[in-house]
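Peer 1: Given next are the chains, with one letter for each unit.
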Amino acid sequence: MSLRFYREGDSLLHRLNPVVKLIAFSTLMIAPALFLNPVVPAIFLVLALLLGWGLGGLMPTKVLRALAPFLLLAAGLALFNTLFYGGPRAHLLAHLGPFKIWREALAVGTSIGLRLLCFASYSALFVWTTMPSQLAASLIQQVRLPYQLAYAILAAYRFLPILQAELENIRAAHRVRGAYAERGLLAQWEHWRRYGVPLLANGIRQAERLAIAMDARGFGALPTRTHYVQSRLTTHDFLFLASSLLTVVAILLTLASLGLLQGLLAGPAESLVGGSP
Amino acid sequence: MSEAVRLTALSFRYADGERWALHDVNLTVHPGETLLVLGPSGSGKSTLALCLNGLIPHMIDGEMQGEVHIDGQSTLTLHHAQLCQKVGMVFQDPEAQMVMPRVDEEIAFGLENLAIAPSEMPERITAALSAVGLLEQRQAWVSTLSGGQKQRLALAAILALHPSLFVFDEPTANLDPAATQAFFETVQRLRAGLNVTTILIEHDLDAALPLVDRVAALNETGTVIAEGTPQQVFANQRDELTRQGIWLPAVCRLAQALNDAGQPLAAFPLSVPEAETALRPLVTTVLDQELPPLPAPPISHGETAIDLDEVDFAYPGGLSILQRVDFHVRRGSFCALAGANGSGKTTLARHMVGLLRPRRGRVRILGRDVRHLNAQELARQVGYVFQNPEHQFVSERVADELAYSLRKRWGEAEARRRVEWLLHTFDLERYANANPFALSQGQKRRLSVATMVALEQPILVLDEPTFGQDQRNLSSLMTLLKALHATGVTILLITHNMELIAEYAEEVAVMHEGQIIYHGPTRALFNRPALLQQANLNLPPLAELGQRLGLPTLITVTDWVKWLTDSRKSERPSYASQPRAPA
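Quick note, the sequences are listed as chains X and D, same order. Counting from 1, one number per residue, gives the positions in the first sequence under my numbering. Counting from 1, one number per residue, gives the positions in the second sequence under my numbering.
Since the hints were made in silico from the structure, they are not lab data. Do not rely on the hints blindly, as some may be mistaken.
Claimed, not checked - Short, incomplete list of chain D residues facing chain X, as computed with Cβ under 7 Å:
{"hint": "1", "residue": "33"}
{"hint": "2", "residue": "81"}
{"hint": "3", "residue": "95"}
{"hint": "4", "residue": "114"}
{"hint": "5", "residue": "115"}
{"hint": "6", "residue": "381"}
{"hint": "7", "residue": "394"}
{"hint": "8", "residue": "504"}
Think of the CB as a built atom: it goes at the ideal place given N, C-alpha and C, for glycine as much as any other residue.
Put together the whole structure using the sequences plus the hints.
Peer 2: Below, the structure is given as structure tokens:
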């Protein structure tokens, strides 16, 4: 069991400059979050699946399956926000036991759930198609990030699976000792604190060892270093970035012209759910 | 030509240290030589390594006295970049010295740091990888390599910098016997071609010794107590080494024991072939002395403590780890479980405490199916000691750590009484109020065993408990286990330390790719060389000696001494008249 995110491939998404990909995907991810309206995130979610399929060679069904935990979480969020919606309401759709389902509530709930999925799918596309070392290389070579910082990010990434394995071991060890989580907030806190001490102790020790090993191989010895992995910007990168930004603008303008962006940043678009009152 | 390395009156104290980690160390190493550095834990061996590549004093805070010269230049005047290029280090933990995700990038990392031109890199990477036999893995992910491959990759990574001095800090501590051997063979091959100087810190003397020209031993206060050729150190200063808790190579221990038994060898041996030569005259004169017989396989229908019947296991969506494992451990036996890293030993053992559930098959503890036992009932039957003792600690005081398990079973007063008793038995009385995390490696290990026998569990499973333990701690751990075994506790010891198995285990099971490929008496296993090789295991040195001399059932020092002294008692006239070999 390991948290190895990158999936081998040679698609256009794989070959894009990681920083360009990061900017483009961030835009695609953040744009729908600005509208409390379920249509916008739904469109961008479909776009993510198409993007992964067309340019990344990732089957939409596979992407959705990999995102299953997020699907569940998104459904939960949507339901919770629908049931406990506290904003202005006008249109009652149905009764669900003690709950009243308002049209406005349903729109907000669905929107929140879909936004989460949007976030998850663009993030997944990014990590699946980006080699961490290439991300570090382009952060250093294009963004001019100090290389110490870029390598710290890389090291953190590499430590994730190690820490995960460590946590699993500690949990197993505590189970053998009969140290179970008891009920109650205090007991829960105590339980996690017990995990935390060995995890932190070992984490710090490992990090120190890694730092020494890096120093021993000359990390930071010279003011500049050379680059084995060359990170470049190609016309592909510019084209991709430009078309991503254009797509965002085009989608939003189309929606606006169709009158679907009313209540921008604030309320649900009335015409979306349930038709006329 | 001057010395490759010269340490002059070198002392070092860490910024947060109360005492000197190294004290007045004087050593010289000549070009092309290999120096083996020995010492108990806390003797400053790793500190010495860090002084050699200049991380002390350049990067690590503390007070340094004296000087270190590499190729005639003081580390104080050399730049960090020069030192990293000259001195290549391989550390103990494979996980904590890999930086990059892929094999070729890992080697490039050092080259980039020293600003080597990118055009030069592919060639250097190829050369380094082929030197350690990893060329095929060039594009592989580091995380998919085995521990042994990772250590060879670490070696390739420093090789690419063309160093003149190798410093190895227990590079094989995490490796199984076959990977250990592969590592040293690689070093041996490299050394022959490169004329590189090597300083090796290592506890596995028998694997390392063929490489070694000279030996230096440090004591607990970081002072050199013995130095010279292996012959000088192990033969002439062995009493001092033993006093410091430093283990001698197996054949040296045998020679010493024969000496003590009044049967001195003509020449003090350092290797199995040398021991063979020294023993052959003795052996040929007494060859009709009866050998201990090969034991019969243990009776399988006796009362069993642990039963696994046709157990299959795979992680969800993962490869199959256990395949139809049948494994039965008799009550009261001392059984070892050996096998290569990744062969499924830990997975198997975790089924015995209910941490893992079989996908198919049945696990019984003292006849009861673990599915019908709740966690608490199971915990009272089986103690399980993890490789890293820290993982098991749940409180901030040693005494609380012990009381934690006891209070659930006995009342406060009884628990307190038992805590006192456990502290005494496990030699932890002075640390009752200490934080478990602040203990030494040996104390942590003893505490973790104490917590697992506190409930008087009749079965104790230990998962590589010897990890990170120096010889003295190892001996005290094994003495404890032997004492527990004598009180009737069934012990299952997971280890690939073959000497330990020879010395302590009555029976041994060998795992290979998720299956038990051998389960039987320890002595009989050592007569199956092909099987050992298949499982990445090796013969312990004294068993190898026995094979070479046609005495395959002699596997420990005790076996050898007993056999040779018994033969003396039944002295024949021909033996009495035999002239002693000249000393």
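Peer 1: Each hint: holds or not?
Peer 2: Evaluation of the provided hints:
no.: 1; hint: 33; verdict: violated (21 Å)
no.: 2; hint: 81; verdict: holds (4 Å)
no.: 3; hint: 95; verdict: holds (6 Å)
no.: 4; hint: 114; verdict: holds (5 Å)
no.: 5; hint: 115; verdict: holds (5 Å)
no.: 6; hint: 381; verdict: violated (12 Å)
no.: 7; hint: 394; verdict: holds (5 Å)
no.: 8; hint: 504; verdict: violated (23 Å)
The structure fails to meet hints 1, 6, 8 from the earlier list, while all remaining hints are met.
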